[in-house]
Amino acid sequence: MTVAQVDAQGRLRHFLTLEGFPRTVLVRLLDLAQHFDERRGDPALRHTLAGRTVCTLFFEPSTRTRSSFQIAAQSLGADVLNFDASTSSTSKGETARDTLKTLEAMGVHGFIVRHKDDGAVAALAAEARPGTALINAGDGRIAHPTQGVLDMLTLRQAKGADFSRLKVAIVGDVKHSRVARTDLHALRTLGAGEIRVCGPASLLPTDATLEGCTVTDDFDAALEGVDAVMMLRLQRERMEEGLVGSLADYHRDYGLSAARLKRAAPGAVVLHPGPMNRGVEIDDDVADGPQSLILRQVANGVAARMAVLEVLLGA
Amino acid sequence: MTVAQVDAQGRLRHFLTLEGFPRTVLVRLLDLAQHFDERRGDPALRHTLAGRTVCTLFFEPSTRTRSSFQIAAQSLGADVLNFDASTSSTSKGETARDTLKTLEAMGVHGFIVRHKDDGAVAALAAEARPGTALINAGDGRIAHPTQGVLDMLTLRQAKGADFSRLKVAIVGDVKHSRVARTDLHALRTLGAGEIRVCGPASLLPTDATLEGCTVTDDFDAALEGVDAVMMLRLQRERMEEGLVGSLADYHRDYGLSAARLKRAAPGAVVLHPGPMNRGVEIDDDVADGPQSLILRQVANGVAARMAVLEVLLGA
Amino acid sequence: MTVAQVDAQGRLRHFLTLEGFPRTVLVRLLDLAQHFDERRGDPALRHTLAGRTVCTLFFEPSTRTRSSFQIAAQSLGADVLNFDASTSSTSKGETARDTLKTLEAMGVHGFIVRHKDDGAVAALAAEARPGTALINAGDGRIAHPTQGVLDMLTLRQAKGADFSRLKVAIVGDVKHSRVARTDLHALRTLGAGEIRVCGPASLLPTDATLEGCTVTDDFDAALEGVDAVMMLRLQRERMEEGLVGSLADYHRDYGLSAARLKRAAPGAVVLHPGPMNRGVEIDDDVADGPQSLILRQVANGVAARMAVLEVLLGA
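Chains as they are written, first to last, in the numbering used here: chain A, 1 to 315; chain B, 1 to 315; chain C, 1 to 315.
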């Protein structure tokens, strides 16, 4: 990281990654997100960020994540500017830094940035002037910190605050997934009891990412007795790249069916960051079943983003 | 329809189609739209939907209809989220249902949906949770109910509330037109005196759609003595599909000129849903002439949408 | 011009061009922009345009200019509708006039219009009904009047209100630049002491545009003793059109480096309308150096647009 996201007083200046993130600050974010989750739609919240301008600055498109941030910012009373950097000045050869500095000069106080490159948002944060806050809405393969907050909030609501009692399985294309790495950072920070990582060898990282995890390519073994299963989306590109075989093969080996889910602990919960490939990594009866927290994750996403926005931009 | 748009108490839950729509509910919508038309810009209206979030969820693009709904929602104080489903998660293989459920979980209360398939919006409405309302902003060839409300409001303002005295001609590509079918439903519900339908045989439906209408391919005959002419847009695709000849031919046979319009009753009015193909289905001196209500339709479109939004989402 | 932008009482009805613009009205706009620049973020400003709807109607894309107008309008409390006319009804064959009249009927009070053709915005203004105001956000090669206001505001803040003492150089592709022509109009109106225009002969206009200017293709000579250097963006198309050689050649002859800037008067300031081609028309150490006012221009852009919106649409 080229810029400190937490200052000497423990105050958050930017929100860039959950790697090495202080436990106390994360727990404070979770508490605040829980608070917002319980107060959704309260008109008094409109004063929180009134007069503040927030810009979604997306160098790669994601309507879904952008919408979640937009609803979070609007419900706190902020003005929202959507800047699609993939079809703008950037494509005229302007640098990402100049786009940021330009919008900052226009009066934007907070940036929600998505970028395809690892560390791109941290690099931009280093260029921001004091008082401007950047939120990483996903960059490269490593960081998507608000996803980490919403996933931990979802687990905490379902299973309680003591993560040391929790066995969690993360399943699928871990190698290319910023969601997986972010959740790994968060689960370690909160002291999860056991983290199992499962996927075909071609989709598992070989570097230090999985240190301390139980790693296996056997999905049935990975599920045995876990309290939570975090499924990952399979990008279709992986087929074209030859990293996995057919969709049918993948589904047979790594698709979560109701039958398979029975191996998990009673009351185990299922998460998925969306959008889902139904019939590939997850079956309908699991996605829509009683153990699924997938829509809860979406609702928590707005609450988590409200918390981050409030901490960074509130008075 | 897979879901009831009106509940047992006659309250509107969704607004999906004017086919079989209760007359009393339609008249109430017209009265409310008239009320909003007279109060446009009144700042007190801002409280109507304050704190409510409305999402335009368009699976096929229509900037014009989207803008009308956006202005209507904003003028009632709602937050508006524009979700272009043709360039979003949907294109990553997510189902329309999952997109809807995701946005609903984010806190969207009302959806304004456009889709290319017949019945797509009603099918989505069946998936919505209680308290979520869907408005059909046009799907397939059958339903575009807010267009029906605005057209009836426009006729009522010009010709009075007694539709039984009215002779109306609907002209052009009725076969592919959701506007035409919606207006037919509304005119029947309000008891229009005579409905004439006119167009080349290749552009007229052969099913039960035109039951009870006077059908002809002779435009001059269709115009004779009518009180209102509802012109339809000719999609250029019809030429490519070989359903009509050249634009010049079409204009000669089915273009509304000032000379032709003289066949209608004195004081007859002209409607068109827009966007117009000037010089094809309508001439400049008619479109911009004293009998044209085309811009009145546009203004009424906002008032009609305000009425629907208020009924579905107001306190 | 087909429509008067200033009425008999000196009131602005539209803002179309700075060509022949009255000096008193321009100075009033500058004073008001200065006022807004000092009050940015004041919540009391929200009442200025509350209940007014402003539409950005862009027939050619420009996310940057659109964003500046959107922030200006929002900070005055207006509702903003973004209408991308390059992907809308217009592409279905609707005329620009019909698009305008349709949005006007929906309740839009002010239009911010960008178009590729000279005079397109003035032609549209002639079609607007009384009470509707149009702002030219750039059309053709001639007019971009809010850019002129922001550039003059920037010069005035740096160098004082007496433009007769000012030597200004405008450098680059003047031939194709609406920014250059607009600044020429404004500088003449404010009585700039000397205007030097510099660029390769292939990029300088040969008509009356440069009347009264000192014209040269020698950049070093043009810089000698000037108080302000206004650099223009080099569009990559100029290479493809054979109007300039390589980027390296252009940079050698017309790129502003720190060394070159020493020829200007002490305390000379550097302007650029953005987006910049760093390393082509301007070097990093100039763009980011102490004499650069480039981000000040961006901030002034919002203040200038607030001033224009307030004058045209305020109570």
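FYI, nobody ran anything at the bench for these hints, they're computed from the structure. Incorrect hints may appear among the rest.
Unchecked claim - On the chain C side, residues computed to face chain B include the following (Cβ under 10 Å): (1) Leu81; (2) Asp84; (3) Thr99; (4) Ala105; (5) Gly107; (6) His109; (7) Ala161; (8) Phe163; (9) Pro200; (10) Ala201; (11) Ser202; (12) Leu204; (13) Arg252; (14) Asp253.
Unchecked claim - Chain C residues, not near chain A, derived (Cβ > 10 Å throughout): (15) Val25; (16) Gly41; (17) Arg46; (18) Gln70; (19) Leu243; (20) Met276; (21) Arg278; (22) Ala299; (23) Gly301; (24) Val302.
Model, not experiment: these values are computed from the prediction. Backbone N, C-alpha and C define an ideal beta-carbon position, used for all residues, glycine too.
So, going through the hints one by one against the coordinates:
A distance limit of 10 Å between C-beta atoms decides the matter here; for C:Leu81 the minimum to chain B is near 6 Å, and the interface restraint holds. Because the smallest distance between the Cβ of C:Asp84 and any Cβ of chain B comes to about 7 Å, under 10 Å, the interface hint for this residue holds. For C:Thr99, the interface hint holds, since its Cβ comes within 10 Å of a Cβ in chain B; the closest pair sits about 8 Å apart. With a least beta-carbon distance of about 4 Å to chain B, the hint placing C:Ala105 at the interface is held under the 10 Å criterion.
Restraint check, C:Gly107 versus chain B: the minimum CB separation of about 6 Å is within 10 Å; hint holds. A distance limit of 10 Å between C-beta atoms decides the matter here; for C:His109 the minimum to chain B is near 9 Å, and the interface restraint holds. Restraint check, C:Ala161 versus chain B: the minimum CB separation of about 39 Å is more than 10 Å; hint violated. Annotation: C:Phe163 was flagged as interfacial toward chain B, and the flag is violated, the nearest CB pair being 41 Å apart, outside 10 Å.
Annotation: C:Pro200 was flagged as interfacial toward chain B, and the flag is violated, the nearest CB pair being 41 Å apart, outside 10 Å. Hint status for C:Ala201 relative to chain B: violated, with the closest Cβ pair at about 43 Å, above 10 Å. Taking 10 Å as the C-beta cut-off, the interface hint given for C:Ser202 is violated, the closest approach to chain B being about 39 Å. Because the beta carbon of C:Leu204 sits about 39 Å from the nearest beta carbon in chain B, more than 10 Å, this interface hint is broken.
At a threshold of 10 Å, the smallest CB-CB gap from C:Arg252 to chain B is about 42 Å, leaving the interface hint violated. Restraint check, C:Asp253 versus chain B: the minimum CB separation of about 42 Å is more than 10 Å; hint violated. With 10 Å as the threshold on Cβ separation, the claim that C:Val25 sits away from chain A holds: the shortest Cβ distance comes to roughly 25 Å. For C:Gly41, the condition that its CB be more than 10 Å from all CB atoms of chain A is violated, with the nearest at approximately 6 Å.
For C:Arg46, the condition that its CB be more than 10 Å from all CB atoms of chain A is violated, with the nearest at approximately 8 Å. Its beta-carbon lying about 6 Å from the closest one in chain A, C:Gln70 breaks the requirement of being farther than 10 Å from that chain. No beta-carbon of chain A is positioned within 10 Å of the beta-carbon of C:Leu243; the least distance is around 18 Å. Some Cβ of chain A comes within 10 Å of the Cβ of C:Met276; the nearest lies about 6 Å off, and the non-interface call is violated.
Here C:Arg278 does not stay apart from chain A, with its beta-carbon only about 7 Å from theirs, under the 10 Å limit. The beta carbon of C:Ala299 sits about 5 Å from the closest Cβ of chain A, which is not more than 10 Å, so the claim that it is off the interface is violated. For C:Gly301, the shortest C-beta to C-beta distance to chain A comes to about 7 Å, within the 10 Å cut-off, and the non-interface label is violated. Under the 10 Å C-beta cut-off, the non-interface status given to C:Val302 relative to chain A is violated; the minimum distance is some 5 Å.
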